[in-house]
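First to last, the sequence lines map onto chains G and V.
For the first sequence, our numbering begins at 1 and goes up steadily by one.
For the second sequence, our numbering begins at 503 and goes up steadily by one.
No lab work stands behind these hints, which were simulated from the structure alone.
Beta carbons: idealized from backbone N, C-alpha and C, even for Gly.
Do not take every clue at face value.
[Said to hold, decoys possible] With the C-beta cut set under 8 Å, the calculated list includes, among others, these residues of chain G facing chain V:
hint : residue
1    : R23
2    : P106
3    : Q391
[Said to hold, decoys possible] Calculated cross-link-like contacts (lysine-lysine; reagent style BS3-like; alpha-carbon spacing at most 30 Å):
hint : chain 1 : residue 1 : chain 2 : residue 2
4    : G       : K89       : G       : K144
5    : G       : K398      : V       : K542
6    : G       : K268      : G       : K299
7    : V       : K542      : G       : K392
8    : G       : K273      : V       : K542
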Amino acid sequence: MAQPSRIIDKTAAELAADIREGRLTSVEVTTAFLDRIEAVDATVKAFLHVDREGALAAAREADAAIAADEEASPLAGVPVAVKDVVVTKGLPTTAASKILEGWIPPYDATIVERIKAARMPILGKTNMDEFAMGSSTEYSAYFKTRNPWDTGRIPGGSGGGSAAAVAAKMAPLAIGTDTGGSIRQPGAVTGTFGAKPTYGSNSRYGLIAFSSSLDTPGPVSRNALDAALLHEVISGHDPRDSTSIDAPVPPVAEAARLGASGDLTGVKLGVVKEFAEGAEAAEPGVIAAYEAGVEQLVKLGAEIVEVSCPSFTYALPTYYLIAPSEASSNLARYDGVRYGLRTGDDGKHSLEEVMSLTREAGFGPEVKRRIILGTYALSAGYVDAFYGKAQKVRTLIKRDFEAAFEQVDAIISPTTPFVAFKFGERTGDPYQMYLADLYTIPSNLYGGPGVSVPVGLADGMPVGLQVCGPVMGDDIAYRVAAALESTQDTPLADTAPELEGN
Amino acid sequence: MSTISREEVAHLARLARLEVTDDELDAFAGQLDVILESMKALAEVDTDDVQPTSHAVPLVNVFREDLPQPSLSREAALAGGPDTAEDRFRVPRILDEEA
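Pulled out of the complex, with its shape left as it was, chain V reads as follows:
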């Protein structure tokens, strides 16, 4: 009994915006199954009353003065974009045609 099906992998890929190929789906389903199987070991660990650790070194409320800081020029910020126009990043259409 596998932990993760080919269909689930396809669904996750869609959620993650990955247009995976059929060959990749076949490979990933098997490999992820092995990995997830190994992770089932964690279920046997007693973690009742254990607080989660989200960061190695706990630091809270790191603030700075609310003052303007130097930042990138518009030109520098846009320089890496694959397509720019009128001082902005140009993007493909956002709405489907039927919308």
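Okay, chain G solo, but in the shape it has when bound:
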């Protein structure tokens, strides 16, 4: 077990207090994480780009602001890593695609503006599956990210870089995005915490679009309170996002503190009958770790109620029609004209031919598969049977959630059916890869929040427990997750094997 004497072992909340109260400076903290990146990222490969100079400049500004007694955010001076699907002014942003290699965005995403306003230094941009399409980060066009728990295994996806960076203590906090599970599933398989907020409560402005009716940015951390603090920094109404909800941010930090007291008396937790019936998809070790977690929640006073959500059985095919359809439209913008790659512009090829050659050269296999699938689902003669049908089933999935939340406060399940798999195990069979998101997809289709909290180990690899809440009920999910953490002597994230440093 690591001694909590090192800066990198402290939680974000502890670091923020140390900086605020003068025990540490942001420059010291930021330097410690940059040095950790230098020491272990050659092994983990979580970062596509590290911005040492920019991070240290922001840290110096944070220190000056704190010294001048400026009103500081609760995370002032604490550094953060940002998934490469979020645009950052002046910092390379590729969404891990060759089609955007070398692109420097001319503006910041709203959530990045808020991170900067909170005086949080940005350490760099993290690796991911290309355009956030995948569950293993193996579809990054640049390189694979390794799971710090076992470097022969995947770190989950699409946000494998953010999760691995936090798991390997190269960053205390990170930003992810979740379209079908891309924050929660990497959290589960790396022993870290990840939250998908309510859709519309966190701005999509400046997220490179994958599936606009599902994409949601959120926090990645080692525990519920740290995530909640970052959640409150980035959350809230944004007039530049037409689907942004104009309502107060749920009090997630307060809920995490309440949960940490370890009392869930009177809280009703739903377990989905149809998930239990589909348990053959989940590994026995995952089920065992999850069930041990449920027992702990019961000991804290929670009541377990079985709920029926029959339409969840259809969530996977519904998602794999809606998400690729929206993606095929969103990715039409990569035409080799306004940004990124252009291939075949030799004076002989027409604009259309240059577009086709550019997209062939710039997109990887999973992106092409989904563009073709989406084009199929939206094409004349199929649109009603596929895309239209999926939108109707989406309504039924929403209704299942709404009916369940009349009976329970939150719904719990394993986060993902299997622990981190070995590289290459599922790339040959896309459908096997898609199963990773079996339990996370329903809440994306519904729009409600979901968090993944480390619950235990199966064969030495981390397992996550998912807590889903009602729309704008993010606080209950944080409360239950923090309560589960209170039953663990040592946070699971702190029990990862030490990495060999340089």
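Using the hints, position chain V against chain G.
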């Protein structure tokens, strides 16, 4: 009986402006067939009288005042383009030579 043929995949790729290779066509046809096969399950769901959901949280008519807002400078907007000329994005020829 497969759901999607190699020829259909080639047609869809053309519609999506993807110049796919023969090897990709072979791989994608088989993989898309498996995926589409799994989606046939949706046909068994009764969705008569069910309204489609296009967005997770329904919001309608989000307006703002029709006032000029700050925007990117021309230089910043053009900076990411692979080829620019005379303050514009330069594009390859749009019409075929025989046109």
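Query - Broken hints, by number - result: 1
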